[in-house]
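Engineer: Working from the sequences, and respecting the hints, build out all of it.
The listed protein sequences correspond, in order, to chains A and B.
Just so you know, we're using my numbering here: the first sequence kicks off at 1 and counts up by one.
Just so you know, we're using my numbering here: the second sequence kicks off at 1 and counts up by one.
Quick caveat, the hints were computed from the structure, so don't treat them as lab data.
Here the structure is a predicted model, which means the values were calculated and not measured.
Some hints could be false.
[Stated by the list, open to error] Using 27 Å as the maximum straight-line C-alpha spacing, the simulated DSSO-like pairs for lysine-lysine come out as follows:
#1 A/Lys229 x B/Lys283
#2 A/Lys131 x B/Lys107
#3 B/Lys84 x A/Lys147
#4 A/Lys256 x A/Lys233
#5 B/Lys110 x A/Lys94
#6 B/Lys80 x A/Lys147
#7 B/Lys95 x B/Lys254
#8 A/Lys233 x B/Lys283
#9 A/Lys131 x B/Lys78
#10 B/Lys78 x A/Lys94
#11 B/Lys254 x B/Lys78
#12 A/Lys370 x B/Lys296
#13 B/Lys296 x A/Lys229
#14 B/Lys80 x A/Lys131
#15 B/Lys283 x A/Lys147
#16 B/Lys84 x A/Lys131
#17 A/Lys233 x B/Lys296
#18 B/Lys80 x B/Lys107
#19 A/Lys233 x A/Lys525
#20 A/Lys131 x B/Lys110
[What the hints assert, rightly or not] Covered stretches of chain A, as calculated for chain B (at least 3 residues, CB under 8 Å):
#21 43 to 50
#22 56 to 64
#23 141 to 153
#24 210 to 219
[Claimed, not checked] Derived DEER-like restraints, expressed as beta-carbon distance ranges:
#25 B/Ser81 x A/Leu43: 18 to 28 Å
#26 A/Pro42 x B/Ser92: 29 to 39 Å
#27 A/Asn78 x B/Ala97: 41 to 51 Å
#28 A/Lys233 x B/Thr205: 48 to 58 Å
#29 B/Met311 x A/Gln253: 23 to 33 Å
By construction, the Cβ of each residue, glycine as well, lies at the ideal position given by its N, Cα and C atoms.
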Amino acid sequence: MSTNLGHHHYNPDWLSDDALVANFIARMAEFNFLRDDLARMPLSGTVQHYLLVGLRGAGKTTLLKRLAVAIRRDVDLNDHLIALSFPEELYQVKSLADFWWAACDALADELDHLSQVEQADFLADEVERLKSTTDLSEDAGFQLMLKTCQQMQRRPVLLVDNLDFVFQRIDKKGKKLKDPHAPAYWAFREQLSTAASPIVIGGSVRLSEPFTDYDKAFYDFFIPKRLGKLSLKEVRQVLERLADAQDAPEVKQRLKERPSRIESLFELTGGNPRALGLIFELLRQSPNSRAVEDFERLMDITTPYYKARFEGLSEQAQVVMHALAVRRPSDGSGLRFGHTAAETGKHAGLPTGTVSAQINILEGEGLVEKSAAHGRTQYRIAEQLFRLWLQMRSNRRIRQNVLGLTEFLEAMFDLEELQAHVGDEGKAAVLAEVGKGLEAGGTDRLLPRVNEQIGETNDFFGSSDLSGASIETSLLGDSHQRTNRGLNDEGQQPNLHISTCQQALNAGNHSAVKAALQLLFTDAKDLTSILVSEAFIEGFLALLLAKRDGANLVLTAMRELGYNKYARPMLLAFEAAIVDQPSMLDELEPEVRGAAKRMFGRIVKIDAEKGEA
Amino acid sequence: MDNIAGSPVEGSNFYGRDAVVEHLRQVLDNDDILLLGPRRIGKTSAARAIMAAVRRDDWQAIEVNVARCVNEQDFLIKLKSELKPVLDTITSKTKGAIIDAFNATTKRIKSIKVGSIGVELNGSQSEDWPIVACDLLHLIAQTEQRWLIYVDELPIMLFNIIRNDPQNGVQRVRRFLDWFRNDVRALPGSGKVRWLVSGSVGLDTLVQEHGMADTINSMSHQGLEAFSDEVAVAMLGELAASYGMALSIDDRRKMVAAVQWPQPYYLQTAFNHLRVLRMANVKANLPDLIEQAINKMVQPGADNDFHHWEMRLSLQLSRPDADHALALLNLVAQDSTGARPENLLAALEERMPNATPDEARRTFIRLRDILQRDAYWGADGTTGTKRYRFRLEPLRRWWLRRNTL
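Structural biologist: Listed below in structure tokens is the structure:
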């Protein structure tokens, strides 16, 4: 993370060492672990190589850069190590020999960085001289790099971002390497297996075959360090530190007062450090906006990045990616990992074989992930934000689904947040409404109601929420009574519709069930708030589980009526509860998984955190 | 001692196998060694320790990793490149003549025929590679010292030859192994050169499948056993002390019991997980973290998980055999104490309704031996009755979890 986040979200390499160190907040545990390990590694002797594995934006590049700075600055590291920081892309590499020439370039770069200009120039000249000789051995670059480091009494630490990319290019003269048995892998492994070999800390979007398959060169050779989703706690810490570093107290205050906004964005962005930098910018620019607005702007500012990546794919790969992003199962079932190759092909109008071939390539690029845990292998886009971006760039209906999910998350977290504050569902429901009203319509009409019916507003809202209030008492009337049941200010109607639905179910009148749900859908001004309310979840859905047929009927009707657009996590949780397969929730896309699990916990009345009844 | 899991280790990081090294060192006095075993059990580390041991006895020792070689010519180039720096240091009276002759082989190697069966890449002047190879070896046998040539990853090279020459590859592999068994041994002074050949990827399966088991029988077959519990506990103690971790003897025993097959790689992996957890939870109770560290090893889908153990079955066995093996392992995974052979045989008989009892029995014995050789399971008589149980307890737990809804 950087102080220059606005400029360097995608290029941590351009940061100064000081800026990098000052703002390196996420991934601190991983950094400390690797730094300490490096300090122990000898000038000569056996060493452990590591591989950082994570999606794009997970922080691999920044962590590698931070390690390079540590090797440069920390006495217990720079007394025996020297960092060779490779550029993120090594387009010039078309063989293992080229990789070692690139290592020489990185070494010259580092020498230059350390103000050892003479040695840097000498090395650069030596590279040129050797490259121009005939009958050059394949490992000439490797030997030159080792020799130079040995003369300096330093062991090279190769910090190689996109090691998987390098692996694809170290043979076959620059064409992508398809053969995981390639001799170049074994040659590379041999070079890394001696007492004098360089230490490698690599980055990769995935663990590909050469790393994992039993008969391949690097099986169990690297210790992988998975850079996964940041926890919510870490996200808060990062944002708070950024707020401190950039002197933005209003952002810090906002984080404290309205955590639901951050929680919603956290679920949507998958705790991705790069997205976090962007979110901070959004928070700073518009401290009072809502998650759905933040998300739209996030998608907007990442458009050039994702567009470039998408357009870099072949046409067929684009079609497959698009299908994977937007396809919805025709049978309405939602408890699944993704889509089979055949389903994707049908949606995209491509033969299954073509789709499979493209998916193989996309999987190799780390863009698609798969699961064979339940029947035929299913695929989905691995990067959560990339998938959501594609959905947002699709037609209006699909875009609305994404925005609907954002609103659902915010409503759900609003409610939880307020429940945590007041410990009373009735008050919480009022406050949820108030909170949204403050965001949407200002404080004027809602402030008095809080004062009158719940207590001191300062207990719940920050000063920035409550400026310029005037009273519109006419709105207050009987709204508390209504919202106390978890409903919005649309009057008794939603509750009546739920009651009607329940009665129709008891009477076995299926068409009336659907009609009641239809009315609920059309009458409610704020359907999302109703669908996360205690009245609906605990007071209606949970009770339906006693009769699975009725529950199924309601689930089907809600899907047919379009509830999915407003409350997909709730529907998925309800489905998992009906079929009694909570483990299927683990298969869902990350952006809905957490919310669906929370909903499931409420529907079946278990503590979702502990998984206890 | 350092926490290293994956790379070969040397010096003080090579732990607990001094007696094994001494034993193998003695074997080399009279025999060549074939050191086979699953990956990550420490073959390369042991071989390097043996090299260090023979050097102390004034032998010359070289390591020739042939995994990158795709044909016999590559093998010779690699052998020569490893020999060269050592020959440069010898003090023999005939050094000059040896070096001259040695240097002269370069041109011959470059012009050899790659493949003895009709593959002639370099024109009519080329020689058969075994002749050049024997001349090369004969040269080093003329030095005064004894030699150890450690050939690592030989099976990979042999599979490369087969993969790159589908028509004649198997015959070339046979010729290579015959050269090794016959031609090399027939060289004058061959007793001065000892070979230590190692590999992990199915050499035994390869030679059995192609009817050439005889070609490797002349070597002394050796393996590497797991540590005893005492050695494993002591090793964890060394590691813990080295990283300033207060790991009590009970904690260490708990870790060893959880691994159950205490090969150093798995102990090091478990310890690495423990270190990561410890760093993130400084105040946590160590025994709890040990539990979590072992759980990290058995999570399906985790990095470096055990899926390759399952994949290996289909790589190395025919489809029906792989399915049978899978079914037997599923059965054995049900209980940490394993299953009785009678029950396993009965399960196999059910899977083979058209086979005679004798056929089923023979199939069981064959699969039993493969699974034992490849370290999936081992025979255990500690409960009074013979049972086959998973050697590596985290693998059993992974296997069980993978098959549990």
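Engineer: If any of the earlier hints don't hold here, list their numbers in rising order.
Structural biologist: 7, 11, 15, 19, 22, 23, 29
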